[in-house]
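What follows is each chain in one-letter form.
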Amino acid sequence: MLFNSYIFIFAFLPVTLLGFYLIQNRGHHSFSIFWLVAASLFFYGWWNPAYLGLLVFSTIFNFIIGIHLGKNSNNASLNKIILIIGVATNLSILGYFKYANFFIDNLNAVTDNNLILNEIILPLGISFFTFQQISYLVDAYYNETREYSFLHYCLFVTFFPQLIAGPIVHHKEILPQFIRTTVNTLKSKNIAIGLTIFCLGLFKKVILADGISIYASPIFDAAEAGVAITFFEAWSGALAYTFQLYFDFSGYSDMAIGLARMFGIRLPINFNSPYKATNISDFWKRWHITLSRLIRDYLWDPVSLSLTRFAINKEYGVIRIYILTVIIPIIFSFFWIGLWHGAGWNFIIFGFMHGFYIVFFNLWSKSKAKFFNFSIFENSKFSLLMGWSITFICVVFGWVLFRAESFEGAQIIINAMISFDEIVLPQNIHMIKHWFSNEIFINGLYDSNFKAAIWILLLLFISLALPNTLQIMKKYKPALESYIGEIVSSRNNYLQWRPIKTWALFTAVIFVLSILNISGESEFLYFQF
Amino acid sequence: MNKDTLVIVNNIFIEVFQDKTILLDKTTTSNDIDKWDSLNNMHLVVAIEKYFKVRITLKDIKSWKNVGDLCNWISNKVE
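These protein sequence lines are chains H and R, in that order. For the first sequence, the positions run -4 to 524 when this note's numbering is used. For the second sequence, the positions run 3 to 81 when this note's numbering is used.
Where hints are given, some of them may not hold.
Said to hold, decoys possible - What follows is a list of derived Cβ distance ranges for each label pair: (1) W359/H - N78/R: 38 to 44 Å; (2) N78/R - N138/H: 15 to 21 Å; (3) I16/R - I318/H: 21 to 27 Å; (4) I16/R - Y311/H: 19 to 25 Å; (5) V56/R - S401/H: 49 to 55 Å; (6) T31/R - S212/H: 40 to 46 Å; (7) S414/H - D27/R: 28 to 34 Å; (8) P9/H - T23/R: 56 to 62 Å; (9) I318/H - K55/R: 24 to 30 Å; (10) T31/R - S301/H: 20 to 26 Å.
As the list claims (entries may be wrong) - The list that follows gives simulated cross-link-like pairs (lysine-lysine, DSS-like), each with its CA atoms no further than 25 Å apart: (11) K167/H - K67/R; (12) K167/H - K64/R; (13) K64/R - K66/H; (14) K470/H - K184/H.
In short, the hints are calculated from the structure, not lab data. Quantities reported herein were computed from a predicted structural model and do not represent experimental measurements. We put the beta carbon where it would ideally sit given N, CA and C, even for glycine.
Build the full structure now, drawing on both the sequences and the hints.
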């Protein structure tokens, strides 16, 4: 069931919400949790009941491992073995469902064999619920959290607002909220805040992301079919996808945060205006925040700590220390970020690309202080503008690999994006006329270039100049602070949400607009991960 | 918390980040120092390990919310 479907908005959500609060009001707290778990399983099974088996098995298995980690906390070596079994089983299941076909294809290519594996259907949200549970096992191993109630554990894994595509939550930040019964009494404030955030997310998905998607897909499909693409077509397709992905995924995250809030639960922040980032490190602090923090806490930190210890104890020179303690952990972490998104070389190269971006940025920051200590590089408007432009262009190139179905398809688009000899600058007014009359887009992939350009400029404006959902709602603490740094509320008073008629009217208008434009088939892009 | 510990830790910060202007107090966090991010956090950790001859685990690192927590942890270990 999609958040952006009539069945979800008009049947599933009201029934689940009503049932939850009716049961709560009669004082049956455990039963209300059971109700939410049952509703969540129904929500998940709606796509394909066959998926349910794996989700249920994974939940039971990890709960048992967690219990054993708790029982044996005095026996460090036994606990380590239990943890390794737990993590390895999770990774093997994920590996089988997500990466087996990719592995066999590559093995066949290298060995000239022709092994064939039956088509494996990727269960929805498997990367999300697997990683969330691995993080739980590690936390339980370090005694940071513990779960004895199977029912609560089930809700931690299956809670429908964040089951399919995050935000990825930590057990210790969500569980205290489930058992704190006082919060779960019906509060009109929670419903108003939750509904507003949900509607903002719905609008971002249905109107903005789906709206611009028709300017991205034809270009990527053409490249996949091997059609030659012009410079302008490539850039407009890549930019359209850049905004489609952002509004799709951040819209989904807003909807998840809003839905959870209606049940009195606060989920962690997942986006903080990533396209406002003025350097690539800043971008990763703002984009898919709950995945970045997961990789940082469970992959980067252990690798970085052991390599740093090793390099410094060996008393290596500056360059070797830098390679061992910065370059290798960065490339390693981003390799996993890439692979996490999918089994394909384009995702792996996407990961490496961002790894190298971060390394270059780090080298630049270091050398800037030493060798280029000019005032122009200090926080001047010029340097911020330069930083923003370079970051944004790098991110757009990354998204091409992310979106393309094959590496060859991505290559065609990237080659067109850097074929500067093709650029025919609008030297005179005729040129602009040609552009509007679509002659630059030789393949006729769009009905109108003008519309594509307007969409791109409009969404660029929204991404850069307007406050994000969390800034609009800042006063009402819409989400858990997972962002490193501070989320500043919107400076303009009119853009700060308050429970007043004007905002209610605005929310109603965007809700109706979204509802009227819901099309049956528009899945969220991040569901495929 | 031992006041000397804060002074020593401050010197370690100055050495690791190569920045003489760093002045720590108990409430300082990584948000207050530009150069202090997850890329070089572990350099700091290993420098502290080396100076105080202690072993720091990931769990210890996670339990520190600010420089004050770090110094308290060191004081407890060293005593």
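Hint-by-hint comparison with the structure:
Distance hint for W359/H and N78/R: a CB-CB separation of about 40 Å, consistent with the stated range 38 to 44 Å. Under the hint 15 to 21 Å, the C-beta atoms of N78/R and N138/H, about 18 Å apart, fit the expected range. For the pair I16/R and I318/H, the supplied restraint of 21 to 27 Å holds, since their beta-carbon distance comes to about 25 Å. Checking the proposed 19 to 25 Å range against I16/R and Y311/H shows it holds: the Cβ atoms sit about 22 Å from each other.
Separated by about 52 Å at the C-beta atoms, V56/R and S401/H satisfy the suggested range of 49 to 55 Å. The beta-carbon spacing between T31/R and S212/H, approximately 45 Å, falls within the hinted interval of 40 to 46 Å. A C-beta distance of roughly 55 Å is found between S414/H and D27/R, which places it outside the suggested range of 28 to 34 Å. At about 58 Å, the beta-carbon gap between P9/H and T23/R stays in the expected band of 56 to 62 Å.
Distance hint for I318/H and K55/R: a CB-CB separation of about 27 Å, consistent with the stated range 24 to 30 Å. Separated by about 25 Å at the C-beta atoms, T31/R and S301/H satisfy the suggested range of 20 to 26 Å. Between K167/H and K67/R, the direct Cα distance comes to roughly 16 Å. Compliance with the 25 Å bound is thereby established for this hinted pair. Between the alpha carbons of K167/H and K64/R the distance comes to roughly 13 Å, so the proposed pair stays at or under 25 Å and holds.
With a C-alpha separation of about 23 Å, the suggested pair K64/R and K66/H falls inside the 25 Å cut-off, and the hint holds. For the suggested pair K470/H and K184/H, the alpha carbons sit about 12 Å apart, so the restraint of at most 25 Å is met.
Comparing the model with each numbered hint stated earlier shows that hint 7 is the single one that does not hold.
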